[in-house]
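In case you want the letters, here they are:
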Amino acid sequence: MKPFTYERVTDVRAAGAAVLRPGARFISGGTISWT
Amino acid sequence: MNLSISRRIVVSAIAFIWPLGAASAAIFKKKKSGSDVETSTKPTTPVSLTVNGQARQLELDPRTSLLDTLREHLYLTGTKKGCDHGQCGACTVLVNGRRINSCLSLAVMHDQDEVTTVEGLGSPTALHPIQAAFIERDAFQCGYCTPGQLCSAVGMISEAKAGWPSHATADVSSRHIALSDAEIRERMSGNICRCAAYPNIVAAIRDVAGGASR
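Chain order of the listed sequences is A and B.
Numbering-wise, the numbering used here puts 21 at position 21 of the first sequence, and it's gapless, one number per residue.
Numbering-wise, the numbering used here puts 49 at position 49 of the second sequence, and it's gapless, one number per residue.
Hints in this document: simulated from the structure, not taken from any laboratory.
Errors might be hidden in some of the hints.
Result set (DSBU-like, lysine-lysine): computed pairs, CA atoms no more than 30 Å apart in a straight line [to be verified]:
| no. | chain 1 | residue 1 | chain 2 | residue 2 |
| --- | --- | --- | --- | --- |
| 1 | A | Lys-2 | B | Lys-161 |
| 2 | A | Lys-2 | B | Lys-81 |
| 3 | B | Lys-161 | B | Lys-81 |
| 4 | B | Lys-81 | B | Lys-42 |
Given only the sequences and the hints, what does the whole structure look like? Please build it.
Here it is in structure tokens:
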């Protein structure tokens, strides 16, 4: 399994910024960033 | 005479086996804590949960499901692992009052959330009304699905009170949902009972939900 970090964002802007990171994926209710 | 001898043998056997079981459990626990040390080099994430009214601070591998967190880290084994992929409902718990399949949710997604498991619904001396109704109506056989059924029923009754329609609701614009048997069956359809105690589960929920028309 791939390790990952999880980020819980509170608004759309933060979600947009987080998902721009390489490998980042959305999961319902938040954003996961692959490391 | 024969009966008393065989009883004595049985009691002696239990007395012999019991400490062996406890010893193996202790060894198993030691192994588990050993594996925790091994995995400590993997990245962990701090997670704060309130579980059954108690604040719990955890350091978790972010891949840990809420179900495994409850069972393996907090030792709340009332919540059951049936299918581990959201099909059986045995792992249903309440998160901030809403029912979810804890196997399909990562614990890190619930930082600061309030979780209620079957252990938090009632106690042996003060059962939650839905627990009492399940006993009264004989709404289980093996009992494996029951913790999920109970949490799901509590969440479902709240949803109906809040006016949430279901697929079985004739008038979806109505604010008042009468929990008929068809409504209860539809709303509880995510909780599978291999023993097929469904008629009694429906009856128990109907009792607590206010005895809506059948």
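- [ ] Determine which of the earlier numbered hints do not hold for this structure and return their numbers in increasing order.
- [x] 1
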